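S.K.: Residue-level listing of the chains:
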Amino acid sequence: MSDTISINGTQHSLPDDPRRSLLDFVRQDLGLTGTKKGCDHGQCGACTVIVNGIRINSCLTLAVMHDGDEVTTIEGLGTPEAPSELQKAFVAHDGFQCGYCTPGQICSATAMLQEIANNWPSDASESLEGEMNVTGEEIRERMSGNLCRCGAYANIVAAIRDVAEESA
Amino acid sequence: MRPFSYTKARVIEDARQITADESAMAIAGGTNLLDLMKLQVETPHKLADINRIGFDEIKKTADGGLSIGALATNTATAVHPRVRSDYPVLARAILSGATQQLRNKATNGGNLCQRTRCFYFTNIDQPCNKREPGSGCGAIDGIAKLHAVLGASDQCIATYPGDMAVALSALDAQVHIATAGGSERTVPVRDFHCLPGDTPWRDNVLEDGEIITAITLPAPVGGTQIYRKVRERSSYAFALVSIAAIVEMKDGLFSRADLAFGGLAHKPWHDLRIAEALIGQPPTAQTFDKAADILLEIARGYGENDFKIPLARRTLHAVLEHAAEEAA
Ligand SMILES: Cc1cc2nc3c(=O)[nH]c(=O)nc-3n(C[C@H](O)[C@H](O)[C@H](O)COP(=O)(O)OP(=O)(O)OC[C@H]3O[C@@H](n4cnc5c(N)ncnc54)[C@H](O)[C@@H]3O)c2cc1C
Ligand code: SF4
Ligand code: FES
Ligand code: FES
Numbered sequence: 001m002s003d004t005i006s007i008n009g010t011q012h013s014l015p016d017d018p019r020r021s022l023l024d025f026v027r028q029d030l031g032l033t034g035t036k037k038g039c040d041h042g043q044c045g046a047c048t049v050i051v052n053g054i055r056i057n058s059c060l061t062l063a064v065m066h067d068g069d070e071v072t073t074i075e076g077l078g079t080p081e082a083p084s085e086l087q088k089a090f091v092a093h094d095g096f097q098c099g100y101c102t103p104g105q106i107c108s109a110t111a112m113l114q115e116i117a118n119n120w121p122s123d124a125s126e127s128l129e130g131e132m133n134v135t136g137e138e139i140r141e142r143m144s145g146n147l148c149r150c151g152a153y154a155n156i157v158a159a160i161r162d163v164a165e166e167s168a
Numbered sequence: 001m002r003p004f005s006y007t008k009a010r011v012i013e014d015a016r017q018i019t020a021d022e023s024a025m026a027i028a029g030g031t032n033l034l035d036l037m038k039l040q041v042e043t044p045h046k047l048a049d050i051n052r053i054g055f056d057e058i059k060k061t062a063d064g065g066l067s068i069g070a071l072a073t074n075t076a077t078a079v080h081p082r083v084r085s086d087y088p089v090l091a092r093a094i095l096s097g098a099t100q101q102l103r104n105k106a107t108n109g110g111n112l113c114q115r116t117r118c119f120y121f122t123n124i125d126q127p128c129n130k131r132e133p134g135s136g137c138g139a140i141d142g143i144a145k146l147h148a149v150l151g152a153s154d155q156c157i158a159t160y161p162g163d164m165a166v167a168l169s170a171l172d173a174q175v176h177i178a179t180a181g182g183s184e185r186t187v188p189v190r191d192f193h194c195l196p197g198d199t200p201w202r203d204n205v206l207e208d209g210e211i212i213t214a215i216t217l218p219a220p221v222g223g224t225q226i227y228r229k230v231r232e233r234s235s236y237a238f239a240l241v242s243i244a245a246i247v248e249m250k251d252g253l254f255s256r257a258d259l260a261f262g263g264l265a266h267k268p269w270h271d272l273r274i275a276e277a278l279i280g281q282p283p284t285a286q287t288f289d290k291a292a293d294i295l296l297e298i299a300r301g302y303g304e305n306d307f308k309i310p311l312a313r314r315t316l317h318a319v320l321e322h323a324a325e326e327a328a
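Residue numbers (the numbering used here), protein chains in the order written: chain R, 1 to 168; chain L, 1 to 328.
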């Protein structure tokens, strides 16, 4: 087992202090400040990253618990020159105001579209089985772990819906 | 966060050995423990990371039931094809809790052991008999909206906050525990959590060095299965009152009514007398009231949470009415 962690495709050694959260590790040790700290208690979703394809809150996990894992942060999804589909859609739909929650929203939505493609149900799904639909209600439920203090929700849902419908 | 030493357990023996020490704790998803360590509510000197010890499988048992690994995530459990088709009340209960990000990390063992959301418990400047035995209870005569109306004591009126265990209680699931000595014991989930009594610091029956390995579900029980969670907003909030129900009807009468209740007590509440009162009865308001009378016989509010008593009654009405319609 390795004692390194891959962040956006680059291997890094794990921190010495076991108290380092994955969030503080990417922001402070690696200088990847796209991932944001809102609450540090799993309540806001600003710190959402994708670990081995699954979205999690990076504030409630220790970096040392992730040896051998592959982490994708907002910096790994796209760049200003080559944005991802969701990044483009957030710009096109004005899916933000201050932008603080946006990296978390986009990481979360990226993994969420895969969850829907896997036909994983949500609390809003009428049936637990079969194909999942991308309704506004589904998107709101599935994205409820990402709070937006500016209340850009309507445009966030529109941006996600656009990409979901295109890829469907 | 206080300093601690960290060990990655490779096998369950490592985990048992490390956590046998009173000042050590196991960490699984970390979504509850790290939250509380940041607040210095939990201050373990040693952490045993149990994520790589296995026990994350979901597989059929010899009697046709399902064994759900303690280290399987809440998400893996809720999306498992057999859980969705045979135990929908469990899938629904899990999906109603927390958020997708949290459920992706949260494990089934950690979910059972999650601690109360009492505001005094999570604030180290406040008195709390659960966190600091003998310091008093801030919630009695304080902010007690989330607190218990059933089975509380004059030492502690906290509630167990989880959803999954409420469904497990209705399903009469069993919790499998590896003991510190290396043997195994099994505890029905209905007996896993404790009432506060005069030992409010004790949430459940686990002893130092014990690790939950799996939860087993009985062979598919069928029936109409419902998880109804009443909360202050429609997503991402803990239950004020929740009900897990498995109901069957025969000739217009209840023939099965396994019910468990969340948000009301220090444990998922289960009272066999409720099923006894419902079976053989028609789904009328009178029947529902009789069931609610039994549920709430010893109910007592603490001011701010008085509303839970009528809310539990109305939620029970709604669930039974809905279940009877579906099951007919
Ligand atoms: C903002 C927020 C909202 C939430 N909302 C809900 C909700 O609506 N409904 C709900 O049900 N839950 C909710 N939760 C709680 C969440 O479900 C729990 O935090 C999670 O299930 C805990 O699992 P974990 O694996 O992360 O546990 P950890 O944090 O790793 O551990 C929790 C405790 O369990 C012990 N433990 C873990 N695994 C084992 C084992 N195998 N054997 C023995 N002991 C073990 C640990 O030592 C620790 O004491 C919420 C949490 C947050 C942060
Ligand atoms: S209700 Fe229980 S957990 Fe809350 S302050 Fe009182 S003793 Fe502590
Ligand atoms: S910073 Fe992690 S959820 Fe708020
Ligand atoms: S855009 Fe400001 S918090 Fe969401």
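It is possible that some hints are incorrect.
Think about it this way: if two alpha-carbon atoms lie no more than 35 Å apart in a straight line, the pair counts; the simulated DSBU-like pairs of lysine-lysine are [unchecked claim]:
#1 L:145 x L:250
#2 R:88 x R:37
#3 L:8 x L:59
#4 L:250 x L:59
#5 L:46 x L:8
#6 L:8 x L:60
#7 L:46 x R:37
#8 L:8 x R:37
#9 R:37 x L:250
#10 L:60 x L:38
#11 L:250 x L:60
#12 L:290 x R:37
Restraint ranges, calculated between C-beta atoms of paired labels, are given here [said to hold, decoys possible]:
#13 L:322 x R:136: 19 to 27 Å
#14 L:5 x R:28: 17 to 25 Å
#15 R:8 x L:276: 55 to 63 Å
#16 R:126 x L:231: 17 to 25 Å
#17 R:8 x L:314: 48 to 56 Å
#18 L:304 x R:82: 52 to 60 Å
#19 R:126 x L:304: 51 to 59 Å
Hints in this document: simulated from the structure, not taken from any laboratory.
Values in this document were obtained by computation on a predicted structure and should not be read as measured data.
We put the CB at the ideal spot given by N, CA and C, even for glycine.
S.K.: All hints are to be evaluated individually against the structure, with a verdict given for each.
M.R.: Hint-by-hint comparison with the structure:
no., hint, result
1, L:145 x L:250, "violated (39 Å)"
2, R:88 x R:37, "holds (23 Å)"
3, L:8 x L:59, "holds (25 Å)"
4, L:250 x L:59, "holds (32 Å)"
5, L:46 x L:8, "holds (11 Å)"
6, L:8 x L:60, "holds (29 Å)"
7, L:46 x R:37, "holds (26 Å)"
8, L:8 x R:37, "holds (27 Å)"
9, R:37 x L:250, "violated (55 Å)"
10, L:60 x L:38, "violated (39 Å)"
11, L:250 x L:60, "holds (30 Å)"
12, L:290 x R:37, "violated (50 Å)"
13, L:322 x R:136: 19 to 27 Å, "holds (25 Å)"
14, L:5 x R:28: 17 to 25 Å, "holds (22 Å)"
15, R:8 x L:276: 55 to 63 Å, "holds (59 Å)"
16, R:126 x L:231: 17 to 25 Å, "holds (20 Å)"
17, R:8 x L:314: 48 to 56 Å, "holds (51 Å)"
18, L:304 x R:82: 52 to 60 Å, "holds (53 Å)"
19, R:126 x L:304: 51 to 59 Å, "violated (35 Å)"
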